[in-house]
Amino acid sequence: KAGVTQTPRYLIKTRGQQVTLSCSPISGHRSVSWYQQTPGQGLQFLFEYFSETQRNKGNFPGRFSGRQFSNSRSEMNVSTLELGDSALYLCASSYGDRDADTIYFGEGSWLTVV
Amino acid sequence: AQSVSQHNHHVILSEAASLELGCNYSYGGTVNLFWYVQYPGQHLQLLLKYFSGDPLVKGIKGFEAEFIKSKFSFNLRKPSVQWSDTAEYFCAVKQGADGLTFGKGTHLIIQP
Chain C
1219 KAGVTQTPRY LIKTRGQQVT LSCSPISGHR SVSWYQQTPG QGLQFLFEYF
1269 SETQRNKGNF PGRFSGRQFS NSRSEMNVST LELGDSALYL CASSYGDRDA
1319 DTIYFGEGSW LTVV
Chain E
680 AQSVSQHNHH VILSEAASLE LGCNYSYGGT VNLFWYVQYP GQHLQLLLKY
730 FSGDPLVKGI KGFEAEFIKS KFSFNLRKPS VQWSDTAEYF CAVKQGADGL
780 TFGKGTHLII QP
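If you read the sequences in order, they're chains C and E. The first sequence runs 1219 to 1332 under my numbering. The second sequence runs 680 to 791 under my numbering.
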């Protein structure tokens, strides 16, 4: 079955703009989580959505937000972009409702803020 | 909150050498443990996982890892590495409903 799909793959934005990234989870998966990957900070958890509700949140400012739709697809939004937001944003999906839950990652969206 | 420590940031080995990458997490309780690999230009792929049961788990491409609860460790091993194992390796821990906590990664270079 198809893996986790993220769009767009690459984008360049200007400081102060906002950006929306999209993620389609593996079929049957109801949990979608987002991670930021940078050379300096590594991989950091942003938030997780399950059944359209944010279930968990990492330590990021309120400029980072997300939502999940009834078909489990998810979007994340970053407002008022800063240079430091340049990163690879990874979406991951899992069933979300079991203890032994394998988490699969998409290819990521490369965001460059100039 | 959990933290994950990967001891070696850069490892260079020759082909056929044995590999062990260290991973320690900060505190106990029930945890799920993962090793992911990121090949150059590719996305994170799951190498192996531990949820419960046998503490020695086998993954893809000949990798295995051993969970030692008393040491809060989950070290990755491979008896004989290949040039194609050149990649970034990430250890990750999940506790309860929290998101994955990743280590900083180990950049492994295999010299032919």
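Treat the hints with care, as some may be off.
[Stated by the list, open to error] Each computed DSSO-like pair below joins lysine-lysine, with the alpha-carbon atoms no more than 30 Å apart:
| hint | chain 1 | residue 1 | chain 2 | residue 2 |
| --- | --- | --- | --- | --- |
| 1 | E | K737 | E | K748 |
| 2 | E | K750 | C | K1275 |
| 3 | E | K728 | C | K1231 |
| 4 | E | K728 | E | K748 |
It is worth saying that the hints were derived from the structure and are not from the lab.
Now the hints, each set against the structure:
no.: 1; hint: E:K737 / E:K748; in the structure: holds (17 Å)
no.: 2; hint: E:K750 / C:K1275; in the structure: holds (28 Å)
no.: 3; hint: E:K728 / C:K1231; in the structure: violated (37 Å)
no.: 4; hint: E:K728 / E:K748; in the structure: holds (15 Å)
The earlier numbered hint that this structure contradicts is number 3, and it is the only one.
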